[in-house]
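S.K.: Modelling step: build the complete structure from the supplied sequences, incorporating the hints.
Protein chains in written order, with the numbering used here: chain A, 1 to 501; chain B, 1 to 234.
Worth double-checking, as some hints may not be accurate.
Unchecked claim - Listed below are several chain A residues computed to face chain B (Cβ distance under 7 Å; list not exhaustive):
1) Leu338
2) Ala339
3) Thr399
4) Glu403
5) Ala404
6) Ser407
7) Leu408
8) Gly409
9) Gln414
10) Thr415
11) Pro422
12) Val425
Rather than coming from a laboratory, the hints here were simulated on the basis of the structure.
Just so we're clear, the structure is a prediction, and the values are computed from it rather than from any experiment.
Even for Gly, the Cβ is constructed at its ideal location relative to N, Cα and C.
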Amino acid sequence: MRGIRAAGAVALVALTCELAPGALRVVAADLDAVEARGELVWAADQEGGGPHVFLDPKDPRRLTGFEVDLAELLASELGVRPRFQQGQWDRLPLLLDRSVDCVINGIELTPERERDYDCSRPYFAYALQLLARRDGPLDSFERLASPGPSGRWRVGVLTGSAAETVMRSRSDLEIDVIGYDGTIDSMEQVVSGVLDAAVMDDCIFNFYADRFAPLRAVGRPFAGGYYTIISSRETPALGRAVDEALGKIIADGRLKRIYDRWDLAGRQQILALRDASEIPVASRRSLRQLVASALPLLLASAGMTVLLSSAAFPLAILIGLSIAIGRLHGPAWLRPILAGYVEVVRGTPLMLQLYALFFLLPKIGLALPALVAAILGLAINYSAYESEIYRAGLKAVPTGQFEAAMSLGMTTWQTLRHVIIPQAVRLVMPPVTNDFIALFKDTSVCSAITVIELTKRYSVLALSTGRIVELAVVTALLYLAMSWPLSVLSRRFEASQEGPH
Amino acid sequence: MIEVVALSKNRGGKRVLEDLSLSLAEGGVTAVVGPSGGGKSTLLRCLNGLEPFDAGGILIAGHQLTPGGHPHALLERIRRDVGMVFQQFNLFPQMTALENVMLAPRVVSRLSAAEARSRAVGLLERVGLDGFAQARPATLSGGQQQRVAIARALAMQPRVILFDEPTSALDPAMSSEVLEVILDLARGGQTMVVVTHDHALAQRAATHVVELVAGRIQRQGSPAEVLIPAVGSG
Ligand SMILES: Nc1ncnc2c1ncn2[C@@H]1O[C@H](COP(=O)(O)OP(=O)(O)O)[C@@H](O)[C@H]1O
Ligand SMILES: [Mg+2]
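M.R.: What follows is the structure, given as structure tokens:
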């Protein structure tokens with residue numbers, strides 16, 4: 001029996017390895033397909049914000065931004081219409097294998113990207129800017145080298161961006177780098193005091209400076225580079241066409257006009273682009289080197305996954321059991337309130353609850369650290385489900401047990417604590433274990449509020465190395481290695497329960 | 001010790017106890033007999049406040065019960081003084097026999113573990129189960145389980161014990177084990193109310209017999225008066 005299961009798992013993993021590369025690669029179309037379609041499909045993250053790609057505040061149905069203008073111009077050069085495809089910023093390159101022709105969204109030109117994708121010539125020169133609250137203690141970049149008033153400086157960056165790479169490599173600074181899914185998120189967290197500072201492309205801060213008046217630029221831009229348009233290596237003709245079109249609109253001044261319109265210092269931009277030189281392509285590492293370098297990072301993040309679930313679940317059970325008891329034995333006025341709590345929590349997505357805890361609470365002066373918000377969010381979300389399981393479990397204990405205990409003079413609470421709850425706990429053990437495994441996997445949602453757990457670490461690593469499938473297998477094996485013992489334990493427990501009764 | 005006056009109770013618009021009066025002196029044993037559905041269990045459950053009633057009054061072990069609901073605190077005080085033994089035993093399955101007996105003295109009377117244990121050991125011995133302290137209920141026979149249940153009730157040193165058909169779920173051999181324990185308690189002067197179909201039990205243990213038919217007292221008196229003419233009702 002055990003042998004068959006193990007063999008099944010091996011076969012499954014083998015199958016994943018077989019199928020995944022094909023499944024991920026077949027869809028990209030080359031230039032002739034683009035022309036036949038009459039559309040250039042370009043991807044960006046409108047949540048990434050201005051001035052790149054964002055919804056027009058005056059007409060929220062309309063997408064605008066300098067990259068929207070650029071995409072229009074390039075498409076017309078190719079003789080087709082542009083079509084926008086939304087994607088999560090740090091995952092945009094993944095779309096290239098899925099019917100998206102190119103990504104135009106502040107993608108920084110790096111050796112890794114040149115190795116993994118077809119990169120166009122630069123179309124924009126950016127610089128990294130540190131920003132902080134005007135009334136805060138951080139007044140120069142150099143101050144990051146020694147701890148702040150409350151320990152290490154907490155610095156937000158866009159996950160997967162050059163800002164993240166640069167800041168994470170600065171081991172000389174007393175900083176904790178926290179990755180966000182959007183640059184606006186990190187600015188809001190600086191305003192609310194959760195973060196001490198944020199690092200982002202200067203054009204983003206310039207664009208939002210009015211909206212985030214409490215923030216100021218600290219020091220001069222300290223690092224920089226170029227944005228590139230990326231397309232799949234499997235569509236070389238398309239890549240070449242895009243690059244040539246770009247060259248043409250740089251040369252004839254049309255790109256400069258876009259930058260002038262967006263107040264992006266058009267003349268300096270074009271001068272910088274002319275200076276841009278080729279960056280050498282890094283060599284591809286072997287699978288063993290890849291696993292050796294990625295595994296410690298993945299293991300550390302697996303630790304975070306374990307920490308999240310083992311802290312959140314006991315809390316969820318505690319809250320859930322209290323709710324179940326309150327609904328069955330509490331005062332009449334409390335019961336509808338608890339029922340309402342369960343309905344609201346069950347009826348809204350975990351992601352939204354995490355956002356509320358992390359982004360909304362600071363607005364009423366209650367800034368929770370990301371880890372605390374994550375644990376609390378998971379616990380609250382699962383408490384609703386646990387309460388329903390426990391309610392069923394408590395109701396399944398025969399009334400004779402209640403009457404016997406009460407007839408001895410025990411109070412309702414003593415009866416529950418000594419007689420009913422221990423029996424209910426045994427009854428609900430299998431579904432509760434099941435939920436623990438589910439919560440364990442749900443921890444991946446916490447990356448939305450900057451907690452880097454296993455899945456997030458995987459997606460960052462997969463993107464920076466381009467080894468999507470290989471790392472997926474390693475990550476999946478890590479998850480299995482952690483959840484399998486739980487399943488075995490719960491099956492043992494069930495078997496031992498069937499014995500005496 | 002027990003004084004029931006003009007007790008009436010309705011359930012779902014139906015009268016299940018009708019103008020019931022009886023009394024029981026300290027050290028007496030009342031057997032309640034009568035056909036199924038006559039209201040015997042309901043009477044018993046009114047006596048320790050497991051169920052409310054609609055009219056009349058109950059005085060039991062010095063506590064007063066009136067129609068309608070009662071505060072939890074009063075019910076808990078009454079039940080400390082009025083033990084109950086059920087037809088289906090209702091032992092706590094996750095605990096050993098000893099733990100079943102120790103639980104209430106520990107959490108209700110707040111005895112130390114050592115005191116509760118020595119009391120429980122003594123009681124298990126008294127009901128003939130000295131060797132079974134560590135056994136779980138599921139591993140015991142019905143007769144043994146009912147004797148643990150009696151020990152559990154005795155552990156609170158109640159002034160009255162109510163039995164609801166204590167031998168009806170048992171075969172004759174096991175019934176007589178339990179009967180011996182009840183007779184032993186009667187000889188020791190324990191005040192008891194025993195609902196039973198078993199006329200032999202009523203005959204041997206009771207000082208007073210009440211026959212309940214359709215919620216009314218049909219007859220009451222000494223076992224000789226009530227039981228001899230009655231032929232196997234129920
Ligand atoms: N939980 C209950 N719900 C509704 N009716 C009940 C319930 N228990 C007993 N009864 C009814 O109350 C009456 C008295 O029942 P009971 O006291 O159990 O009688 P006995 O113990 O003499 O057999 C019967 O008519 C029975 O059908
Ligand atoms: Mg009955």
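S.K.: Of the numbered hints stated earlier in the document, which are not met by this structure?
M.R.: 1, 2, 3, 10, 12
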